[in-house]
Amino acid sequence: MNAPANSGRRRLLVGVGSLTLAFSLHPAWAQEGGKKKDGGLPGSLEKEPWLDAWIRIDANNAVTVFTGKAELGQGIRTALLQVAAEELQVNPDRIRMVTADTARTPNEGYTAGSHSMQDSGTALRHAAAQVRFILSGMAAGRFQVADSALTLRDGVFEAPGGRRVSYGELLAGRQLHLKADGKAPLRPRAVHTVSGKPLRRTDILAKVSGGIAYAQDLRLPGMVHARVVRPPSQASRLESVDIATVARQPGVLKVVRDGRYLAVIADGEYRAVKAATLLARAARWSVPASLPGTRDVPAEVRARPAEAMPILKRGSMQQDGRTLSATYTRPWQLHASIGPSCAVAQLVDGQYTVWTHSQGVYPLREALAEMLGVDKDTIRCIHVEGSGCYGHNGADDVAADAALLARSYPGRPVRVQWMREEEHAWEPIGPAMLVEARATLGVDGRIADWEYAVTSPSHNNRPGKAGNLLAATHLAKPFTPPPGKPIPQPEGGGDRNAIPYYVLPNARVTHRFQHNAPLRTSALRSLGAYCNVFAIESFMDELAQAAHADPVAFRLRHLDDPRAIDVVKLAANKFGWGRGKPGPRRGRGFAFARYKNLAAYCALALEVEVARETGFVRIVRAVAAVDCGEIVNPDGVRNQIEGGIIQSASWTLLEQVRFDERQIQTVDWASYPILRFNQVPGQLEVHLIDRPGEPFLGTGEASQGPAAAALANAVAQAAGVRVRDLPLDRARMRNA
Amino acid sequence: MSYELQVNGKRHRVDTDADTPLLYVLRNELGLNGAKFGCGLGQCGACTVTLDGAPVMSCIVPVSVVGARKIGTVEGLGTATQPGVLQQAFIDEQAAQCGYCIAGMIMRAQALLDQHPAPSDEQIRRHMMPNLCRCGTHMRILRAVRRAADTLKAQDGGGRS
Amino acid sequence: MKGPGRRRRLWWWLLALAAVLAVVAFAIMWRPAIAPITAAPRFEPGLVEKGARVAALGTCAACHTVDPSRPFAGGFGLDTPFGTVYSTNITPDPRTGIGNWSEEAFTRAMREGVSRDGHLLYPAFPYNHYARMTGDDVRALYAYFMTRPPLDAPARTNEMTFPFGFRPLVGFWNLLYLDDAPFASDPKQSAEWNRGAYVADAMAHCSACHTPRTRLGGPDNQRFFDGGEAEDWYVPALNARSPSPLPWSREHLAAYLRTGIAPGHAAAGGPMQSVAENLRHAEPADIDALATYIHSFLAQAPERATPATRPGSLPVPKADDPDLARMRLGHEVYANACARCHDAGRAESSGTALPLQQAVALYDPDPRSLIHLVRDGIAPPDGEPARWMPGFGAILSDEQTIALAAYLRRYGAGQADWPDLAEQVRKGKP
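First to last, the protein sequences are chains H, X and G. All residue numbers for the first sequence refer to numbering that gives the first Met the number 0, where the first residue is 0 and numbers rise by one. All residue numbers for the second sequence refer to numbering that gives the first Met the number 0, where the first residue is 0 and numbers rise by one. All residue numbers for the third sequence refer to numbering that gives the first Met the number 0, where the first residue is 0 and numbers rise by one.
Calculated directly from the structure, the hints in this document are not laboratory data. There's no promise every hint is true.
Claimed, not checked - Listed next, the in silico EDC-like pairs over lysine to aspartate or glutamate satisfying Cα-Cα at most 20 Å (straight line):
{"hint": "1", "chain 1": "H", "residue 1": "K580", "chain 2": "G", "residue 2": "D151"}
{"hint": "2", "chain 1": "H", "residue 1": "K375", "chain 2": "H", "residue 2": "D348"}
{"hint": "3", "chain 1": "H", "residue 1": "K253", "chain 2": "H", "residue 2": "D266"}
{"hint": "4", "chain 1": "H", "residue 1": "K568", "chain 2": "H", "residue 2": "D549"}
{"hint": "5", "chain 1": "H", "residue 1": "K476", "chain 2": "H", "residue 2": "D549"}
{"hint": "6", "chain 1": "X", "residue 1": "K69", "chain 2": "G", "residue 2": "E398"}
{"hint": "7", "chain 1": "G", "residue 1": "K426", "chain 2": "G", "residue 2": "D365"}
{"hint": "8", "chain 1": "X", "residue 1": "K69", "chain 2": "G", "residue 2": "D397"}
{"hint": "9", "chain 1": "H", "residue 1": "K196", "chain 2": "X", "residue 2": "D91"}
{"hint": "10", "chain 1": "H", "residue 1": "K196", "chain 2": "H", "residue 2": "D689"}
Claimed, not checked - Listed below are several chain H residues computed to face chain G (Cβ distance under 10 Å; list not exhaustive):
{"hint": "11", "residue": "R280"}
{"hint": "12", "residue": "R283"}
{"hint": "13", "residue": "R379"}
{"hint": "14", "residue": "I381"}
{"hint": "15", "residue": "A424"}
{"hint": "16", "residue": "E612"}
{"hint": "17", "residue": "F615"}
{"hint": "18", "residue": "T665"}
{"hint": "19", "residue": "S670"}
{"hint": "20", "residue": "Q678"}
{"hint": "21", "residue": "A730"}
Don't be surprised by glycine CBs; every beta carbon is placed ideally from N, CA and C.
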């Protein structure tokens with residue numbers, strides 16, 4: 000592409016406090032790139048179009064890349080770095096990534112829903128490409144050569160004859176205060192050197208050698224330690240509390256009481272723990288019978304009112320033929336992060352700084368501002384990594400605790416660490432759901448009619464509002480949780496993946512949204528997709544059996560998306576589906592889903608061995624196939640899929656929250672066991688289909704649903720009996 | 000009260016209450032981040048360190064019972080620039096997602112390799128059971144331990160009788 | 000003819016006696032093989048279902064299931080004073096299990112401790128109890144086992160001390176201890192009690208652990224339910240000599256048998272844990288009957304004044320304690336390692352545990368159970384929710400363990416010292 004030299008390309012603008020450069024668009028740019036959706040900019044550029052919000056280059060050629068997304072352990076920090084490094088053509092170690100900070104990074108909402116690559120990755124890709132393009136033009140201008148005569152390596156241009164200039168030298172301390180246009184040419188996949196290659200994650204080194212890596216590791220000068228004493232249940236009332244004795248304990252700096260919110264601040268961590276134990280003993284609560292218990296969760300789900308929201312109405316009713324119906328259920332389940340949530344907050348000169356592992360620093364800031372009754376500009380939320388959250392766990396709540404206690408004890412950083420029992424009992428939990436499916440098989444062995452209803456309360460009670468913060472609901476002037484709202488399709492909440500990806504000429508799908516639930520519910524990795532894919536894929540197997548068809552062939556019969564067909568065939572092939580028969584006590588199961596019907600494709604085949612007498616299910620081997628569009632970090636994808644399969648196996652084989660009429664009973668790993676090493680698969684393979692040039696597709700949650708269904712299908716074959724209620728735990732399998 | 004502790008071959012003197020779990024002493028008094036608070040109940044192993052070579056849950060070890068016994072933490076196996084065999088194996092296998100459980104896993108595995116330099120896959124699985132991973136990184140963790148065992152075996156070159 | 004003739008006659012008499020003895024010994028020690036079956040038998044479904052309940056009451060899985068993914072494949076090593084006996088594979092595998100056993104062979108094994116091929120089984124397998132099972136129950140049990148999935152699991156070689164590796168010797172043990180008289184109800188007792196007695200004696204074989212054994216390893220029925228030992232745990236007496244500091248109610252006992260936990264008394268640890276895991280699957284009515292029966296013995300225990308009625312923080316050692324140094328160390332270990340959970344009240348978290356004044360192990364006549372509990376804790380079965388005590392085996396030194404046990408015994412239970420405490424602690428962690 001030839002650019003006429005010096006043709007009015009540059010205009011110097013004086014920006015806010017620093018010199019910035021603004022560029023007019025060169026008409027040639029209007030051609031390529033620019034994956035505009037609905038006329039908007041690609042990815043998060045739509046919300047944050049300024050290039051220097053994403054990329055800044057120092058005079059010494061150091062590059063800082065900003066993302067509004069957060070590293071949750073899913074490797075996104077590294078993957079985004081790869082995207083930027085690729086398009087900027089700098090070595091990855093030249094780049095410093097700054098993530099989710101309300102003072103420094105774009106606002107990209109929550110790091111959730113497997114959106115990070117689609118939103119931030121896409122934005123960074125286009126922004127970086129544009130920065131490179133602009134700088135290339137500048138270098139060409141400086142050396143009076145064509146752009147195409149320049150070579151670029153690690154942020155340094157070289158012209159024929161050996162003249163060189165770096166990015167940093169070109170900009171000389173100024174930043175590109177220019178709006179993105181999404182039109183700069185992207186580097187073709189064929190020449191990629193960084194993106195698409197396995198790049199070692201930047202964070203693992205510190206994690207294996209005891210470096211500072213987590214919110215839990217933060218140590219700030221003058222930091223004090225706090226613990227909160229929670230009510231025995233959300234409905235409990237605080238009748239009395241003797242604070243004086245606790246205040247006299249060694250190390251205690253302050254005991255806080257605000258309504259039924261109780262906390263203790265101490266100069267040492269274990270002293271805070273002990274003082275909190277004492278404070279808990281010193282409190283008298285009345286604990287009413289406010290919960291329905293978990294003896295029969297499906298019945299309780301059924302009994303709770305629901306609002307019918309149709310989300311699909313296709314064709315007409317065709318119920319001539321063999322009709323099957325089935326009900327599938329999911330219990331209450333936990334995120335159960337291995338590291339209970341932690342936050343540090345400090346109030347200095349009217350400014351709050353909160354170090355948090357919240358998935359959404361900007362929405363959190365809004366909620367904190369409302370809770371504290373201050374202007375949100377007085378609050379800065381900085382993301383620091385926590386342990387895996389798998390959705391909306393206690394991260395925001397503990398940030399609220401820290402902010403409140405910082406207000407009670409201003410000047411010094413206050414660290415709040417949730418205890419294990421606190422995280423288990425108070426995190427927003429994964430909702431119990433119920434699915435009713437009904438289908439009719441035509442004479443041609445295809446599904447002629449499909450009717451499906453999923454009942455669920457809200458999967459999204461993330462802050463935004465103070466009422467979404469646990470502490471705020473316990474204050475003397477409590478905030479009320481806003482009513483949970485459904486998430487509209489195509490994302491969906493309880494109805495995520497409720498619409499099958501199969502070709503169904505006549506289909507009706509209803510989301511029965513429940514406005515109320517006995518406990519606070521929110522997003523748990525894949526939201527409704529876990530239960531819906533479990534139900535749909537179990538039902539597909541039951542239909543296949545009724546149609547006397549092989550489960551894989553039956554699915555292929557109903558798929559028309561070639562990418563879906565490819566993953567199904569790949570998984571089946573690599574597994575050896577149809578070759579040989581499983582041995583005694585063994586069974587094989589298959590499942591497929593496209594996450595949200597628009598993100599990554601995942602097919603999974605697995606083999607289990609079931610011991611009916613003990614109820615023990617052993618996963619012998621599992622083979623997955625995944626298509627997530629153009630792959631940035633193949634190892635990262637594998638890691639997420641493997642992890643999702645094993646986590647989903649844990650949910651599916653072991654996990655359910657239990658509570659009686661008064662209190663939660665699953666409060667530690669003894670009462671809420673999760674998968675241990677003896678029950679992980681004997682073998683686990685993940686096969687990836689790379690689609691260079693295709694958009695990045697969210698992958699982090701793609702295997703939760705398929706794993707549950709493949710397990711249920713395999714167990715059904717091994718045990719000779721179909722179980723439709725999760726979890727398939729030992730007690731259930733013994734009595735099945 | 001004052002306690003003298005042997006950690007990773009070095010002597011430290013700390014001042015803390017007798018019932019303070021070793022976990023908090025390591026993290027807060029000695030600034031060692033490896034061992035983590037996961038449950039405080041001895042159920043998850045995120046706090047695993049070694050005591051005279053045996054794996055223990057440091058969240059239930061009161062500092063006052065340690066005495067002269069040798070404490071080993073992940074920091075004692077190597078550094079970010081010079082990782083030990085196990086740490087390198089975890090890096091090579093990229094055996095981490097959130098990584099919170101990993102330091103505990105490494106110490107648990109270290110204790111195994113110190114006692115049984117050539118464990119079978121089944122032995123590794125059984126040995127690691129007290130440690131939980133919520134992200135589902137188990138397969139990689141097993142591969143990392145296997146890799147470290149194989150590396151150690153190759154280093155020995157069969158020289159041991 | 001006197002002299003040589005007489006001697007020769009004497010020799011003939013001795014020879015004859017020896018021959019008779021040999022025949023008798025042979026009769027005691029040798030049993031014939033029973034022909035293998037060739038076709039898999041069929042059973043009506045109700046019988047198999049009933050057999051499952053019998054197996055639960057008989058606690059077969061406690062010894063015969065080691066790996067939950069391989070039920071009844073055997074392999075559990077039971078340490079006895081005569082050596083270590085490994086449980087066998089009782090799945091119907093034809094080669095390594097009981098797949099070619101006829102009902103007759105199975106019944107003979109259950110009642111007489113004889114394997115299909117005629118070799119004698121060690122009474123680590125409690126056939127001297129199963130001998131009193133009714134024919135219907137044995138038949139149901141056969142139906143159950145013969146319909147389990149066959150698993151390939153060859154029996155492990157036992158490690159017996161000489162001369163007990165010579166199986167035919169067991170014949171003499173049987174002579175002394177195998178009582179094959181059928182179970183007899185006690186007309187003075189209720190139907191429930193009698194059902195419980197049958198369950199306890201013929202199936203759950205409680206007295207196999209809860210009654211002391213003679214030197215020869217047989218039940219010492221003069222001291223019925225006086226307590227015993229199993230796998231290096233002390234097994235409490237269930238009668239007037241019960242060490243329990245608080246009286247057991249029948250309801251608590253039933254809850255304990257069903258769930259492994261009786262609030263205010265105990266969580267089942269060690270061998271009793273797997274008993275409770277089996278009984279959990281029995282008919283609740285049978286567990287109630289068992290509780291009624293056992294309780295009739297437990298209720299004979301006199302009420303004692305023990306610290307168990309005043310739970311709370313354990314006291315500091317008295318200044319005039321003759322073992323002050325050791326007691327102080329024990330108290331320090333208790334206060335710093337144990338009190339955090341054991342003094343925390345009782346809630347859902349396993350971080351709240353039984354107040355130690357109520358722990359039966361402190362009142363046992365010997366410290367072995369306490370030592371096991373401190374070292375190994377109590378772990379739930381794989382993947383199932385339960386309460387959890389972590390083990391302190393690698394955390395506490397021998398000296399700390401001795402001091403802790405001594406302190407708890409004196410200041411927690413208010414009982415006389417265990418004379419062999421130090422020795423028991425030091426003999427090593429298994």
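- prompt: Against chain G, with CB atoms and a cut of 10 Å, does the hint on H/Q678 hold up?
  reply: holds (6 Å)
- request: Answer holds if the nearest beta-carbon of chain G is closer than 10 Å to that of H/I381; otherwise answer violated.
  value: violated (32 Å)
- prompt: Taking 20 Å as the top limit, are the C-alpha atoms of H/K196 and X/D91 close enough?
  reply: OK: H/K196 and X/D91 at ~15 Å, within 20 Å.
- prompt: Regarding the pair H/K580 and G/D151, is the alpha-carbon distance no greater than 20 Å?
  reply: OK: H/K580 and G/D151 at ~19 Å, within 20 Å.
task: Double-check H/A424 for me: the hint is only fine if its C-beta lies closer than 10 Å to a C-beta in chain G.
output: Since the shortest Cβ distance to chain G is 8 Å, the answer is holds.
field: Satisfaction of hint between H/D549 and H/K568, Cα-Cα up to 20 Å
entry: holds (13 Å)
query: Holds or violated: is there a CB of chain G closer than 10 Å to the CB of H/T665?
result: Holds, because the Cβ-Cβ distance from H/T665 to chain G comes to roughly 7 Å (cut-off 10 Å).
message: Can you confirm whether the C-alpha distance between G/K426 and G/D365 stays at or below 20 Å?
response: Holds, at roughly 14 Å.
query: Within 20 Å, alpha carbon to alpha carbon, are H/K196 and H/D689?
result: OK: H/K196 and H/D689 at ~11 Å, within 20 Å.
- request: May I ask you to test the interface hint for H/A730 with respect to chain G, counting a Cβ-Cβ separation under 10 Å as satisfied?
  value: holds (7 Å)
query: Does the CB of H/F615 sit less than 10 Å away from some CB of chain G?
result: holds (4 Å)
- prompt: Taking the closest Cβ pair, is H/R379 under 10 Å from chain G?
  reply: violated (35 Å)
Taken one by one, the earlier hints fail for this structure at numbers 5, 12, 13 and 14, listed in ascending order.
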